[in-house]
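Since the structure of chain A is already known, use the hints to place chains B, C, D, E, F and G on it.
Chains A, B, C, D, E, F and G are the protein sequences, given in the same order.
Number 93 marks the last residue of the first sequence (our numbering); no jumps.
Number 93 marks the last residue of the second sequence (our numbering); no jumps.
Number 93 marks the last residue of the third sequence (our numbering); no jumps.
Number 93 marks the last residue of the fourth sequence (our numbering); no jumps.
Number 93 marks the last residue of the fifth sequence (our numbering); no jumps.
Number 93 marks the last residue of the sixth sequence (our numbering); no jumps.
Number 93 marks the last residue of the seventh sequence (our numbering); no jumps.
Keep in mind that a hint or two might mislead.
[What the hints assert, rightly or not] Derived EDC-like pairs (lysine to aspartate or glutamate); straight-line CA-CA distance at most 16 Å:
| hint | chain 1 | residue 1 | chain 2 | residue 2 |
| --- | --- | --- | --- | --- |
| 1 | E | 14 | E | 38 |
| 2 | G | 67 | F | 72 |
| 3 | A | 3 | D | 87 |
| 4 | G | 3 | E | 79 |
| 5 | G | 3 | E | 49 |
| 6 | G | 3 | E | 72 |
| 7 | A | 3 | D | 38 |
| 8 | D | 84 | D | 61 |
| 9 | A | 84 | D | 86 |
| 10 | D | 3 | F | 72 |
| 11 | D | 67 | A | 72 |
| 12 | E | 3 | C | 61 |
| 13 | C | 3 | B | 79 |
| 14 | G | 51 | F | 87 |
| 15 | A | 67 | B | 79 |
| 16 | A | 3 | D | 46 |
| 17 | A | 58 | A | 41 |
| 18 | E | 84 | C | 72 |
| 19 | A | 14 | A | 38 |
| 20 | E | 51 | G | 49 |
| 21 | F | 3 | G | 86 |
| 22 | B | 67 | C | 72 |
| 23 | D | 84 | F | 87 |
| 24 | B | 3 | A | 38 |
| 25 | E | 51 | C | 72 |
| 26 | C | 3 | B | 93 |
| 27 | D | 58 | D | 46 |
These are computed hints drawn from the structure, not numbers from a lab.
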Amino acid sequence: MIKPLGDRALIKMKASEETTKSGIILASSAQEKPQVAEVIEVGPGEYVDGKLTPMYIKKGDNVIVGKYAGTEIKYEGIEYLIVKQEDVLAIVE
Amino acid sequence: MIKPLGDRALIKMKASEETTKSGIILASSAQEKPQVAEVIEVGPGEYVDGKLTPMYIKKGDNVIVGKYAGTEIKYEGIEYLIVKQEDVLAIVE
Amino acid sequence: MIKPLGDRALIKMKASEETTKSGIILASSAQEKPQVAEVIEVGPGEYVDGKLTPMYIKKGDNVIVGKYAGTEIKYEGIEYLIVKQEDVLAIVE
Amino acid sequence: MIKPLGDRALIKMKASEETTKSGIILASSAQEKPQVAEVIEVGPGEYVDGKLTPMYIKKGDNVIVGKYAGTEIKYEGIEYLIVKQEDVLAIVE
Amino acid sequence: MIKPLGDRALIKMKASEETTKSGIILASSAQEKPQVAEVIEVGPGEYVDGKLTPMYIKKGDNVIVGKYAGTEIKYEGIEYLIVKQEDVLAIVE
Amino acid sequence: MIKPLGDRALIKMKASEETTKSGIILASSAQEKPQVAEVIEVGPGEYVDGKLTPMYIKKGDNVIVGKYAGTEIKYEGIEYLIVKQEDVLAIVE
Amino acid sequence: MIKPLGDRALIKMKASEETTKSGIILASSAQEKPQVAEVIEVGPGEYVDGKLTPMYIKKGDNVIVGKYAGTEIKYEGIEYLIVKQEDVLAIVE
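So here's chain A without its partners, still in its complex pose (with noise of 0.2 Å):
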């Protein structure tokens, strides 16, 4: 199991074309990497200043995050990527 560190979160993109929970398409070129992603996990949030500074964002959220965030990283075969919270820019309902 990965546990992110700080306030990243563990997310896995979702294929291009694939139906989310409210039953809506996500059309993505194929020539283009897909931007909707399930969170995983999430870390316990960064601390600043000596407080932690909870995560909004949380397991099981569909989210959108910029194309070019993130580190890339597989484990057990599946293709995952690790990114700041900060770099999630909207949740889909």
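The following block gives chains B, C, D, E, F and G in isolation, referenced to the frame of chain A:
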């Protein structure tokens, strides 16, 4: 539904020759990306030193954004831009 | 009407050989972008640590701006510039 | 013995196909630098405004680091990396 | 009249071989931009955390500025430079 | 005698195959700059907000520095490096 | 007379093979800019948060500066360098 995070807004660029509420034609040459957009959704604001700084732009505002601001996303076949509030230059009334 | 946000101002560049209020000719070579502009509208100012810092430039001021400052916009067929107050170098009286 | 300073850690990259404690195979293509490492030693933490911020990673942790993080050193014929804690993305448990 | 804003000064570069008040010849090779200037006008100073930091250079000072500091402006046919006070390196007495 | 200023240290790089106090051979390939150095002199530390932050490295320490850290100087025919303490990665004991 | 502003110093580079007070020869290869200089004049120090931080280098000090630090000026036919105190690496005693 897309809910922007932090001090971001989801905006939809207006067509080049569209008429605004006040009847003004916003001319934009065909080669240039139009700079006027409608605010579709705003985030909760940004936390600075543990305090939430609320948004001063709101849903329905017609705004002007810088030419290279924001991240383009496609959602249900429609193109949007997610921009940070600080990249919104002005409101058109 | 365009209402600048934050500590921005909407300014309109003056023609190269235009006479200012005090009768001075502002010569600017034809190849150079004129640097004197009239302030058309100012924003409310910027919030710093929760306090509003008011603007020190105001509507009607003739100002000098840096050559590459601001974002050009076209509104009702007229070209304007939206600049941050910190990019306004001086006032011409 | 190498004792990292500040909020740095001395880590040793794991071989590409090594089995972790929990039995997971961390596959990494041959062309890519493996991203999983074992923490060999940690520094005391960083002083911020006169107060020591202790380390949240510890000796023996299996961690994931960014691809270009840290400084490579060779010590007694073995290659290590000295990384800042902020460049450690996640812990593998 | 040009009134600099913030902690800026309006300065006029001296001719290369000009004599200063104290009779000193400031030699500057012909290919190089002269670095000594007279302060023509100063701004009110900069507001830092709501307090005005007054200027330490004043009208009439002979100052040395960095080679690439400031913005050139032409006013009534004369060339000036608007520089931030922090780019003024020294006073020549 | 060279007395470093602020939080800097004067260090002398060790020869590639030199034996440290604890008898360890620090192998460094011939093409690479050796990364282990002896601290010859340290500065008083840095003043942060009016308070002196003392140095945590000291005269005689064997330290590891980043490959491109510091400024090379030659003094009495011997080459030294002046580095900021933050560029010292670890102590070798 | 040149009076540096803020936390700057006016320094004069020493000839490559010059003897210092303590009789030491500072060898510097002919192709390299000598790095030892004499402090000719210092500024009053820098104001940080409204308080003056006094200078720790003083007139007459022999100092070592980084190779690309400061701004070269020519005054009464002699070349000087105006450097910020933070770019002075060490004092030679």
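Quick rundown of the hints versus the structure:
no., hint, result
1, 14/E x 38/E, "holds (7 Å)"
2, 67/G x 72/F, "holds (9 Å)"
3, 3/A x 87/D, "holds (14 Å)"
4, 3/G x 79/E, "violated (26 Å)"
5, 3/G x 49/E, "violated (29 Å)"
6, 3/G x 72/E, "violated (25 Å)"
7, 3/A x 38/D, "holds (15 Å)"
8, 84/D x 61/D, "holds (15 Å)"
9, 84/A x 86/D, "holds (11 Å)"
10, 3/D x 72/F, "violated (25 Å)"
11, 67/D x 72/A, "holds (9 Å)"
12, 3/E x 61/C, "holds (11 Å)"
13, 3/C x 79/B, "violated (26 Å)"
14, 51/G x 87/F, "violated (29 Å)"
15, 67/A x 79/B, "holds (15 Å)"
16, 3/A x 46/D, "violated (22 Å)"
17, 58/A x 41/A, "holds (7 Å)"
18, 84/E x 72/C, "violated (25 Å)"
19, 14/A x 38/A, "holds (7 Å)"
20, 51/E x 49/G, "holds (10 Å)"
21, 3/F x 86/G, "holds (14 Å)"
22, 67/B x 72/C, "holds (9 Å)"
23, 84/D x 87/F, "holds (12 Å)"
24, 3/B x 38/A, "holds (15 Å)"
25, 51/E x 72/C, "violated (33 Å)"
26, 3/C x 93/B, "holds (7 Å)"
27, 58/D x 46/D, "holds (15 Å)"
Violated hints for the displayed structure, listed by number in ascending order: 4, 5, 6, 10, 13, 14, 16, 18, 25.
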